[in-house]
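Engineer: Listed below, chain by chain, are the residues.
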Amino acid sequence: MSTVTVLDSLRDRSLQDFGQIFEQHYDLVYRTAYSITRQAEDAEDVAQSIFLRLLRQESAPDLTKNPRGYFYRAAVNASLKMIRQRDRCILTGESEQVEAAKEIENSSDEEMDQLLWKAIAELNEGAAQILILRYVHAYSLADIAKLLGTSRSAIAVNLFRSRARLKKLIRASQGEQL
Amino acid sequence: MNRNTRGAAKILDRFFARVAKPSPEQVDSSRRQVWQRLTSKLAGGQIEIAPLVDRRVDVRASLRPLMVRIAIAGAIVAAGAVVVVKSPVAIVNRAIAENLEGTLYRVADGESHVVGAGEKIEGGSLIRSDGGHGALVALEDGSRLEMRSESELSLERADNGIRIRLSKGGVIVNAAKPASAPLYVQTKDISAAVVGSVSVVNAEEQGSRVAVIQGEVRVQQGSTEKKLRPGEQVATNPAMEPVPMVREVAWSREAESHVALLQLLQQVQNITRPTDTPKWEVVSVRPCQGPTGGARGGGGGGGVGSSPGRLRATCMPLMFYLEIAYVRMAEPQFKPQWNVPISGGPSWIHSDPYTIEAKAEGLPSAQMLEGPMFQALLEDRFKLKIHRETRDAPVYFLTVAPGGPKLEAVVNCVPFDSQQALVRREARRRGEALPRNCGALRIGRKAGGIMWDFDGATVTDFALNLHLDRPVFDKTGITGVFRFHLEFSLDSMTANFLPGADNGRAWQESTGGILPIDDPGAGPPLRTAIQEQLGLKLEPTRGPANYLIIDGVDRPIEN
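If you're matching them up, the sequences are chains S and P in order.
The first sequence: position 86 = 86 (this note's numbering), numbered continuously.
For this note's numbering, count along the second sequence from 1 and bump the result up by 1000.
FYI, nobody ran anything at the bench for these hints, they're computed from the structure.
Be aware that one or more of the hints could be misleading.
As the list claims (entries may be wrong) - Coverage of chain S stretches by chain P, computed from C-beta distances (three or more under 8 Å per stretch; other residues unrestricted):
| id | region |
| --- | --- |
| 1 | 20-33 |
| 2 | 38-51 |
| 3 | 152-162 |
Said to hold, decoys possible - Residues from chain P that keep clear of chain S, each with C-beta distances beyond 10 Å, as calculated:
| id | residue |
| --- | --- |
| 4 | ALA1020 |
| 5 | LYS1021 |
| 6 | GLN1026 |
| 7 | LYS1120 |
| 8 | GLN1220 |
| 9 | TRP1251 |
| 10 | GLN1367 |
| 11 | GLU1408 |
| 12 | LYS1446 |
| 13 | ASP1453 |
| 14 | GLY1480 |
| 15 | PRO1520 |
Values in this document were obtained by computation on a predicted structure and should not be read as measured data.
Where a beta carbon is used, it is the ideal one built from N, C-alpha and C, also for glycine.
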């Protein structure tokens, strides 16, 4: 049964509203979650949990203003939370980062990916959202600023700091002196 | 940026390039499956839903965080402090009674209730000031209203912003936050958009009057919209006589500062020169056929230079010469005030290069040649009409960042002084030995970004030499001479930072290609660099800024 058929048959105004929102934003949520979790099942779980939460009114976002911004933030946050839960070895401080980094000296791409995703998961939510929008989804600074409701310069500063932090981690992972 | 940093940057870029992306089929399949799961949960009664439409306007739900904040604010007020509540939610029609010299009443159901200082005022409530100097009311977005005695108004939501409905009396609205939500003052016959301004609005029986102290106000009366600038006012009824601004704000407890600000912002000055400015004997102006010079100071094939009694301005656009004649060489102290914006004029003044050669009567100083005399030459040959003006404009204040300044003091050279630089130049011509002058400003490129080195300058000189998108004023209070070394990437703030036309395009092309804009890999943005590398901070704000306004200019007649 297609989405439209379900909506027509139910003829429920509130569900129709929800259906429209689901249709409009599922792609964004799923693609974002997929890029972060790197697993189709996890991405689907993330997407389902976000829309389920909306249905259950566990979150009450104002979807009249910036729905894309809301769904994007929700997808990033839920995905990063999933990464953190997947691996309980949370990097909480500078020294721990270094220790964790040195353990995977000479790491392969896969190991490097894991290290960096864990580090991104430990960035604050806003910084992670901006980093992924810029480098995963290739949004311009202006588009990110519009989506997240902030200024372009604030985005640039945030990106610079996040990149600096990740580069420091990379250097540490390669056994260089910090 | 060293080799290791570049390596880390490459690894990071490769990491992002490796990020997995689902195929369209995967997305479709997933969407179908999730939708089926959700609808089956609904059908099985596992989820109860409420209309989303209602949820979108669930004001009570949106208010919950605000209520908590107000409760906290109330506790602080009770302890004697005055608090302005700022809510992250879109409920904007609340205010706090801040300072009451008279009495402020809330009028409801025909009854008046006294509002105490610090007490919150709900949106929609009619409030009335009575006696004394009126009342100060702070809105949640930081704007402040000063109500004249015996004024009445209410606050309500409007077009994503706040509407102040003024039914009687007068109010001074200080809405000096351009980035905040729209703020309107509505009377019975006009609506004034006042964001980013300080303005006076009066609602009288005859009609309404709006006067502006700072910023710009758009006044809508019926289908007519009028923009007002500082010192201007409009009345809706021709029978209402214009009121001098001094009288208009006389009732305010901040009357003096309002008047002082207005006087400052209304300054329009004609260009004046010393009465004994020498004359030119011979002048030659011709279009330049070669490439435009690249550097401000005369390097790169273009610029302005003088020798005793002679001026040579080589192959630069008129705008460059205006900066030299009216900005750099105009001040008695010969301070390089690059941040005096020049506005107006046709596009060719930025692009078409001219070479000017002139011989003066007698032997005036270099400052006289390149300043007042050059001004007279440009006004004569380019039919230039230009004046100075002080405007309320976006500016940056340079302040000390949290953690304090990280400035490197300079002690082993002669401090930078532009006026002395001229004296030194003439002394060098005479062959005199001089101590090293450490006021050199060097700009280079480094790893896709800019390396900027200003060695031996005061913080004020540093601020004056930041050629940004708005003027910079030193508010640090730091004295002494320092070395300022910055490494940063180009962004919109530095669109005119580099010397020469088009942000130093010629220089960029000749030194390795056009530099990237907004590339975090090329270094921090300048604002971040100033904070992290110098311990100083650029704070965007508004203030009185000097402008040069071109009223008219023509292409010169060739010799």
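Engineer: With reference to the structure, classify each hint as holding or not holding.
Structural biologist: Structure-based check of all given hints:
no., hint, verdict
1, 20-33, "holds (count 6)"
2, 38-51, "holds (count 7)"
3, 152-162, "holds (count 7)"
4, ALA1020, "5 Å, violated"
5, LYS1021, "6 Å, violated"
6, GLN1026, "6 Å, violated"
7, LYS1120, "22 Å, holds"
8, GLN1220, "25 Å, holds"
9, TRP1251, "38 Å, holds"
10, GLN1367, "38 Å, holds"
11, GLU1408, "22 Å, holds"
12, LYS1446, "15 Å, holds"
13, ASP1453, "21 Å, holds"
14, GLY1480, "28 Å, holds"
15, PRO1520, "4 Å, violated"
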